[in-house]
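A.B. asks: Throw the hints in and build the complete structure from the sequences for me.
Each residue of the sequence shown is one higher than the one before, counting from 350 in my numbering.
It should be emphasised that the hints constitute simulated quantities derived from the structure, not laboratory data. Note that the coordinates shown come from a computational prediction; the quantities given were computed from them, not determined experimentally. Each hint should be verified, as a subset may be incorrect.
[To be verified] Below, in silico cross-link-like pairs of lysine-lysine (DSS-like), each with a Cα-Cα straight-line distance of 25 Å or less:
hint, residue 1, residue 2
1, K501, K398
2, K488, K398
3, K391, K427
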Amino acid sequence: LGNSLRRVLLTSIPGTGLVYVQIDGVLHEFSTVPGVREDVTKIILNLKKLELKSNSDEQKVIELDVEGPATVTADDLKVDSDVEVLNPDQYICTIAEGGHLHMQIAVKNGRGYVAASDNKSEDMPIGVIPVDSLFSPIKKVNYQVESTRVGKRDDFDKLTFEIWTDGSINPNDALSFAANILVEHFKVFESADADNKFSEVMVEKEDNKKEKK
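C.D. replies: If you want it as structure tokens, here you go:
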């Protein structure tokens, strides 16, 4: 149970991730921006570290427009009321005197991991750079199983979780969400006949116990 919940927590909890980046004057990810210390590849790597929360079901576009000299962080992003930046101190790049950086970043909600190739569409204009989307708000999950006593019985197990998130979801809510996902998955194996037979067996066992007493 612990391992199943851990896997669901890491792969199936919805969150917000990047979809594409469009930087003025840049045609592809191997370009450089005049006056900016980092190349485009490094800028995108830093953007992937953004922790965002979107309250919209639609894809949103956030903007960055900064003139140098400046140290650019996530706090410089221009977002609307639907998008929250959870790590405003995240470093993005450094712009020298006379430099200018303007970009648009598309974000949306999703689950798990989506490769950049899957974020690419045929109608994307030149200069739009699709990126890998990592939607999971869960950073790390540990669990531990320990023997525990309940009343006079000492044959129970206690399952303890440690869950780290990006702040967009409460760890308790994430665990509850993961448990609900597992329950729904297990329902696939249910059938009326199997359920009735199982119930009959359990009733018979209970009756036998009572008779022995």
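A.B. asks: Each hint needs a verdict: does it hold in this structure or not?
C.D. replies: Status of the hints after comparison with the structure:
1. K501 - K398: Roughly 50 Å between the alpha carbons, so the hint for K501 and K398 is violated.
2. K488 - K398: Holds, at about 11 Å.
3. K391 - K427: Roughly 21 Å between the alpha carbons, so the hint for K391 and K427 holds.
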